[in-house]
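Peer 1: Single-letter residue listing:
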Amino acid sequence: MGEHDEFIGDFLEECDENLDQFDQDLVALEENPRDEGKLKSVFRNIHTVKGSSGFFGYAKIGSLAHEGESLLGKLRDGEIEFTGEIATGLLAMSDAIREILVSVEQTQLEGEKDYTELLNRLIALAESEPEGPKVDQADAIGDPSLMDKQAQMTSTEQLGEDRAARSLSLETANQETLSDTADDIQRSGTTPIDGADEVSVGETTASSKSSRAPGDRISSVLPPAMEAKLQSSSEQSSIRVDVTLLDELMDFAGELVLARNTLNRCSDDLLDPRLSRIANRVSQVTSEIQERVTRTRMQPIGGIWSRFKRIVRDLAAECGKQVKLELEGQDTELDRSLLEAIKDPLTHLIRNCVDHGIESPDEREKRGKSVEGLLKLHAKHESGQFVIEVSDDGAGIDPEKIRNKAIANGLISAESASRAREEEILQIIFEAGFSTAEQVSSISGRGVGMDVVRNHVERIGGSVQLTSVLGQGTKFFIRLPLTLAIVPAVVVRVSEQFFAIPQATFSEVVTVGSNTQVEWVHDLPVCRLRECLLPLIWLDEVLECKSEKRQSPGDLFAQDGNKRYQVAVIQIEQLRFGLVVDEVLNSQEIVVKPFGASIKSIGAYSAATILGDGGVALILDMSGIAKFAGLSPETQSRIEERGTEFLVGEQKNFYKTLNEGFAKTLESVGVKTFLLCEVEDGREVAIGMNSVERVEEVLLSKLQVFDSGILVNHQGAAMGVRNFYLKSLEDESISLESEGLGTTSPLVICKHAETKFGLLVKHITDVVTVADPQKETGKTESRTHDPLADQRFTLVDERVVEIIDLDREAYQLREAIG
Amino acid sequence: MIQKTNIGQEQEQAYCTFQSGEILCGIPVEDVREIVSHLSITPVPMANEMIAGLINLRGQVLTSVDTQRWLNREPSQLEEAPEYHLIVDAGDELRSLQVTELGPVVAPHLHELEPVPEHLDPAVAGRLDSVARLEDSLILLLRTEKLKDIRQSRISPHPTVQDFRFQAASDGGVSNPLDQDIQ
Chain A
247 MGEHDEFIGD FLEECDENLD QFDQDLVALE ENPRDEGKLK SVFRNIHTVK GSSGFFGYAK
307 IGSLAHEGES LLGKLRDGEI EFTGEIATGL LAMSDAIREI LVSVEQTQLE GEKDYTELLN
367 RLIALAESEP EGPKVDQADA IGDPSLMDKQ AQMTSTEQLG EDRAARSLSL ETANQETLSD
427 TADDIQRSGT TPIDGADEVS VGETTASSKS SRAPGDRISS VLPPAMEAKL QSSSEQSSIR
487 VDVTLLDELM DFAGELVLAR NTLNRCSDDL LDPRLSRIAN RVSQVTSEIQ ERVTRTRMQP
547 IGGIWSRFKR IVRDLAAECG KQVKLELEGQ DTELDRSLLE AIKDPLTHLI RNCVDHGIES
607 PDEREKRGKS VEGLLKLHAK HESGQFVIEV SDDGAGIDPE KIRNKAIANG LISAESASRA
667 REEEILQIIF EAGFSTAEQV SSISGRGVGM DVVRNHVERI GGSVQLTSVL GQGTKFFIRL
727 PLTLAIVPAV VVRVSEQFFA IPQATFSEVV TVGSNTQVEW VHDLPVCRLR ECLLPLIWLD
787 EVLECKSEKR QSPGDLFAQD GNKRYQVAVI QIEQLRFGLV VDEVLNSQEI VVKPFGASIK
847 SIGAYSAATI LGDGGVALIL DMSGIAKFAG LSPETQSRIE ERGTEFLVGE QKNFYKTLNE
907 GFAKTLESVG VKTFLLCEVE DGREVAIGMN SVERVEEVLL SKLQVFDSGI LVNHQGAAMG
967 VRNFYLKSLE DESISLESEG LGTTSPLVIC KHAETKFGLL VKHITDVVTV ADPQKETGKT
1027 ESRTHDPLAD QRFTLVDERV VEIIDLDREA YQLREAIG
Chain B
-15 MIQKTNIGQE QEQAYCTFQS GEILCGIPVE DVREIVSHLS ITPVPMANEM IAGLINLRGQ
45 VLTSVDTQRW LNREPSQLEE APEYHLIVDA GDELRSLQVT ELGPVVAPHL HELEPVPEHL
105 DPAVAGRLDS VARLEDSLIL LLRTEKLKDI RQSRISPHPT VQDFRFQAAS DGGVSNPLDQ
165 DIQ
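Line by line, the protein sequences are chains A and B.
For reference, each letter of the first sequence is one residue, going 247 to 1064 in the working numbering.
For reference, each letter of the second sequence is one residue, going -15 to 167 in the working numbering.
Don't read these hints as lab results, they were simulated from the structure.
These numbers come from a predicted model, not from an experiment.
Positions of the beta carbon are idealized from the N, C-alpha and C atoms, including for glycine.
Treat the hints with care, since some could be wrong.
[Claimed, not checked] Label-pair distances were calculated between CB atoms; the ranges are:
1) B:Glu119 with A:Asp515: 50 to 56 Å
2) A:Lys997 with B:Ser24: 37 to 43 Å
3) B:Ala(-2) with A:Cys512: 38 to 44 Å
4) B:Ala(-2) with A:Gly548: 36 to 42 Å
[As the list claims (entries may be wrong)] Distance condition first, Cα-Cα at most 20 Å in a straight line; then the derived PhoX-like pairs of lysine-lysine:
5) A:Lys948 with A:Lys1002
6) A:Lys846 with B:Lys132
7) B:Lys130 with A:Lys846
8) A:Lys555 with A:Lys647
9) A:Lys612 with A:Lys589
10) A:Lys622 with A:Lys721
Chain A on its own, in the form it takes in the complex (with noise of 0.2 Å):
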């Protein structure tokens, strides 16, 4: 087998493909037995497996492979009907030869099961007497050139497993030279089989390669040559690359990334204006790379969804129920490593919702639904994450029966539960050693599942959620982030040292101070946030860079009455909670970097990375440094060891209520809630926060000025600027000029009526939630022309405070800049 060998993992891999290719045609067939291009499809996959395992000599294979193909030869050709039986029998060949491959890639022996029983089978399934007319075989194959040239190679295949090896690729180069098919197959008959094999290897493994299927793509109804043109015509326009250079490729633009970061920031230290030309353009391209060398690893996700219309058809015929599976968003891309870690916790979420979800026909019909399930899939990208919903109109969940079990199971206190309100309920099944199953099967239900479908998707960066409506159904939220190799992320410093703060799992950051904010409640400090109490956590301590702990308030500033400190409130699963740092200091793309198992085993880093300045920054693990700091809910075990009758969890809980106690409150009254901001004069100016994105720091050389308004390069796109700070907006550029190049300015990043802009301020001074003016006015309806009614002005601790109108702003942007 020796000059076999480095064709084996060719083989193999094409096997995979077709065999898969084949569960698919074949699910399709079976809902529509009419398809004939799937009929095609199917008969050529399989054919291909047998010629080339022929080619390698594994018979077991070839015979389950011949059987198989004689069956498919009698339904094309009309003489017995598709039916369930045949689907299940055809599939169960496919699963046979799918094991003997496993044994062949370890072994490169067939190993020693024996399929005679299943050979049998499918021999009886093709001597089944036919149910119909026999239908006339040109209409039945719409392609008589090609029936004829498989009818051709049906009798050379007699000759011998070399000769089908041969035939297969002659077969392939048919199918790319239709035109000519007669004369080929002529050929077929006569080339002698010395110097076969060798064009039969290249034209397998290439025929495999380029012909995935062409019969999906194209009609029948298209006369032979025009097929062979679409087909040519894509074969050109795709290539197959190797996937571990695109994972160089990909590195690679790692690589430039940090480059470009490091350029960025030299560029901003030297203040040359030539030289932040060049930075621009360089940082410009290196984005557009980076960008196309992640899509080069998306890969659709209907790739895996493929496999699921298998996977739930086997389930719904072992659970005696009917459920249709419907998808959406197939073309939906995710990239390629991701696809392969979302595949199994996907694969757990379907087998839950048949075997749990979708009730049983009878129960179906008697609750007045339709007697078929609906298992659908929808994919799509919201806002730079990839968004899996998995939905079935069944049963749904009921709340009281977690909120019981969970109880019951110690997972939760009575107390808090009652507390708790339904959504929190229903998360609960994804912790560990939570299973409703009442009947445990042989599907799902054995206690383990649900958190481990959590473990894999936050293990990738992703998070997963679900809302359910009793007797209608449940829906499965899946988030993902869209690429693993190059994240946006939030560096701060900690003393003398900086760390990466995913942007996943980042909200926003307020400032404390001395005098304001941080709060004691029973020792736990907090700060208030927008009227919600937020715990914090001293990142210096968890981390252990300080000795001494802050137990007071007086040991918080002891040192320097003045100091403030950021927060950088995080937000993972249900954990909110503020992280204070010296310093948040600017939100970058950054390029994950692994390292070793010794510093992965600490668990409060994922994965490190690399700064402008060339040193290596460690990325946090949220949710390990909320384990850290006590504030997880899987300390829960541990704290009932040491026999504490509260738990962490409650704890939480608590805060959590307290907060919503207040969010309601303030729902109930109606509030608005305003970062305010310092600009020109000292005027203080209100911006509706819900429309803020973000804020950033801008160099102000950063600015460009054009006649028609300002622009400023942001993530590598043009972003129009209203400018609330600097006088002479007419004169803009001596201005800027005047306040000096290396002088920044916050830049308020506003996404409002469907514009990005930015607003240039002095200072941002506060984040205010307000009263709602219109309601308000709404009950005092005697007041006349208040200028707060008109939502222009607001009050905030009885100082008057204009509103920026970013209807307006944007409607002026758009104007200008177009």
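Assemble chain B onto chain A, guided by the hints.
Peer 2: Using the frame of chain A, we list chain B on its own:
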């Protein structure tokens, strides 16, 4: 303790020698990838004390090992910061060893090799292959593959923060500290 040593082997093994603090060490030359100097090290809070931190080697993030601590020696305060990083291949990943001074490559004769002294701390003894007794010095010959075995020794997370939070919870009163504010 059974371990693989150079003693009894036919071929003489060449070692790249270096000084770390006061200790003279040697590491098989074929394990050494390169030597770099003046790299800034990023400390890793909470990591095993044998880990000096992370370095950036042309875009690759490597773990740097504090050689002295790895050999169970407290570095003295007076010593200068290590100048060099010896990048070695420890099996599946590259590691960097902190080195104060570089020495020559030596190939000790078989009769110059002695087994690791019995009385050494077993953990440290396992990291050594043998000891070379040269004319004027003793060189500890290191086993490179042991460099990747450094794991997190402390399992329990920060105890103080934890304890103080439990206390917070066990104080028990669920009185709403913001009552007055609501009213």
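Peer 1: Of the hints stated earlier, which fail here?
Peer 2: Violated: hints 4, 8, 9.
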